[in-house]
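Going line by line, the protein sequences match chains A and B.
Each residue of the first sequence is one higher than the last, beginning at 28 in our numbering.
Each residue of the second sequence is one higher than the last, beginning at 1179 in our numbering.
Quick caveat, the hints were computed from the structure, so don't treat them as lab data.
Note that the coordinates shown come from a computational prediction; the quantities given were computed from them, not determined experimentally.
Hints are supplied without guarantee of correctness; some may be wrong.
Each pair of labels, with its calculated beta carbon distance range [to be verified]:
id	chain 1	residue 1	chain 2	residue 2	range
1	A	GLY69	B	ARG1486	18 to 26 Å
2	B	VAL1312	A	ARG78	30 to 38 Å
3	A	GLY47	B	VAL1312	55 to 63 Å
4	B	ARG1487	A	GLY47	39 to 47 Å
5	A	SER53	B	ARG1254	29 to 37 Å
6	B	GLY1401	A	SER53	45 to 53 Å
7	A	ARG78	B	GLU1371	36 to 44 Å
Covered, in the sense of this in silico footprint (three residues per stretch, anywhere, with C-beta under 8 Å from a C-beta of chain A), are these stretches of chain B [said to hold, decoys possible]:
id	region
8	1225 to 1232
9	1337 to 1343
10	1376 to 1387
11	1565 to 1573
Using N, Cα and C, we set each Cβ at its ideal position, and we do this for glycine too.
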Amino acid sequence: MALLNIFKSDASKRIVLTRGHVVSESSRCVQCGICSYNCPIGINVRAHVWRNEPVNHSECLTCGECVARCPRGVLSFSEIDIFARREE
Amino acid sequence: MRYVIIGAGVAGISAVEAIRSVDNTGEIVMISDDPNGYYSRPGLAYYLTGEIHDTALFPRNKADFQKLNFNFLRGRVTHILRKDHALIIDGKSRLAYDKLLIAVGARALPLEIPGSNVEGIVKLDHLVDAKNIVKMAKWGRSAVVVGGGITALELTEGLRARGMKVHYLLRGDRYWSNVLDKYESEVVEKRLEEEGVILHHHSELKEIFSKRGHVSEVELQDGKKIKCDMLAFAVGIRPCLELIQDTGLATDRGILVNEHLQTTDPDIFSAGDVAQAFDPLTGKSILDSLWDPAREQGRVAGLNMAGRRTAYLKSAAFNVTRLAGLTTTIIGVVGRGRDEDMIGIARGDSETWRELPEAIVAQSGFDINHMRLLIGDSHLVGAILMGDQTLSWPLQKMIASKADISPIRERLMEPNAKIADLIAQFWMSWRKQTAL
Ligand SMILES: Cc1cc2nc3c(=O)[nH]c(=O)nc-3n(C[C@H](O)[C@H](O)[C@H](O)COP(=O)(O)OP(=O)(O)OC[C@H]3O[C@@H](n4cnc5c(N)ncnc54)[C@H](O)[C@@H]3O)c2cc1C
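Looking at chain A on its own, in the form it has when it is part of the complex (with noise of 0.2 Å):
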């Protein structure tokens, strides 16, 4: 059945960072899967934020899909090291 495409995260909106990565911030999380359900390249982005990690795959094209669909701003871009702590 067709879906009126209304109340969802305007996806059209988003910042796209060619450097950087996804961090998440796994308190405003709460699992939903709308994030790995975007993902174009099938990553499980769901399982970093529930560990708190950025999305340090190698394969992610920082395509900025899953930090615009996810509904409660967990996601977002930082041009931090992968290697060192999240800074903020």
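Here the structure of chain A is known, so what remains is to put chain B with the ligand in place on it, guided by the hints.
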């Protein structure tokens, strides 16, 4: 050592992880009566709007569970025999425990209106409920939604997204009036109306009528009638206390636990929506119905069960949700019943709101950006952010740590103050000082 965990929600899963992080050999048994096991209950809302498939609601697969090395039993725990350190499952089989965690959650309150035991009356509690709604939600048919808070809105939005004509009944003159202020309620209501939801203020259900066992019409207190094919309700939730009724464990609104999540029986712990946790900072025992506190309580309970004495520190109440499509963060005290000496201020968008480093930009670019702060004598006690979430994380940290905002307090309260800028600047210097 046998650890037994009742409930496969986030509190239960988090407890298993915590136990395994410190005890590799103890036996862990988890029991749940939900045929779907562990899934994201808040995610049900996005399944209703069609943003995700139901299969996406499951955060773990078989291999993940295998790594945690525990046994899963499908069944309903019907009795806890404290003296014998044992449980009865489905009224027949018996299972002994050394340490027990009760993480059975909370359940939707029933709709107590004449005529409510017919088909077509739905709630949003478990995945089975959500699937039932999806099956029944037919394009072009009518639904009535009653209740308040987030769940009622999620039902409204989900049914609307499925093409139903949705009537949302509000008892008072505006949506969620004990948390949102007048402007915020208006924003939400306006967006709902723009999406075609029909709002009925000052409206209360009186009676439900049915045809051939299926809901067909509702009557309101003022005599108005609305024809409908579905009635969805979200009138509140209650911790599931049936299981412990005759155990003698101390309860209030939930199961009372100390700061180690221990009940009045030292071998029985409780966590999540069913637990009423003691907060040493305020001296009060508080019920939460939030994912993250449930997760944290599960973790702390698990550690304590495995002998690692750990205290649960309640952080400022915090929820991020989406109200009529707008990401909204609610932090700390924002509603009614606040201290007399507290001052609430609210502002909309600010030009320089987004001058923060990209590292903390979560979501931006909404057509509505709004922030309300609740200012105490020397620190912020609460905040609401709708739309742009850039300042959400800074505010959460500042409120939780009771950051002393004296340097900007007066300026925040000046007429037309650029509160977003003030908060952003203050955050950057405060963060350096506190080395966050
Ligand atoms: C529609 C919806 C929207 C929500 N939105 C948000 C939100 O926006 N933000 C937020 O923070 N939180 C939200 N929540 C709340 C959040 O989901 C809960 O706080 C969280 O799931 C609590 O976890 P828990 O482990 O305590 O309990 P639950 O997830 O309720 O798990 C309890 C488990 O115990 C089992 N059980 C119960 N009784 C027995 C028994 N006698 N024997 C065996 N098993 C039993 C149940 O089947 C279930 O598996 C929402 C919840 C719902 C339903």
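CB-CB spacing for B:GLU1371 and A:ARG78 relative to the 36 to 44 Å hint: holds, 41 Å
Verdict on chain A covering the region 1376 to 1387 of chain B, criterion of 3 CB contacts below 8 Å: Answer violated; 0 residues pass the 8 Å Cβ test.
Distance restraint evaluation - B:GLY1401, A:SER53, Cβ atoms, bounds 45 to 53 Å: holds, 50 Å
Pairwise beta carbon distance, A:SER53 to B:ARG1254, judged against the given window 29 to 37 Å: holds, 31 Å
Coverage of the region 1337 to 1343 of chain B by chain A (three or more Cβ within 8 Å): holds (count 4)
Cβ separation of B:VAL1312 and A:ARG78, checked against the hinted range 30 to 38 Å: holds, 31 Å
Cβ contact check, 8 Å cutoff: the region 1225 to 1232 of chain B against chain A, three residues minimum: holds (count 5)
Beta-carbon spacing of B:ARG1487 to A:GLY47 - inside the hinted bounds 39 to 47 Å or not: holds, 40 Å
B:VAL1312 and A:GLY47 - C-beta distance against the hinted 55 to 63 Å: violated, 38 Å
Given coverage of the region 1565 to 1573 of chain B by chain A, checked by CB-CB distance under 8 Å (3 or more): holds (count 3)
Assessment of proposed distance window 18 to 26 Å (beta carbons of A:GLY69, B:ARG1486): Hint violated: Cβ distance 36 Å, outside 18 to 26 Å.
Going through the hint list in order, the structure does not satisfy hints 1, 3, 10.
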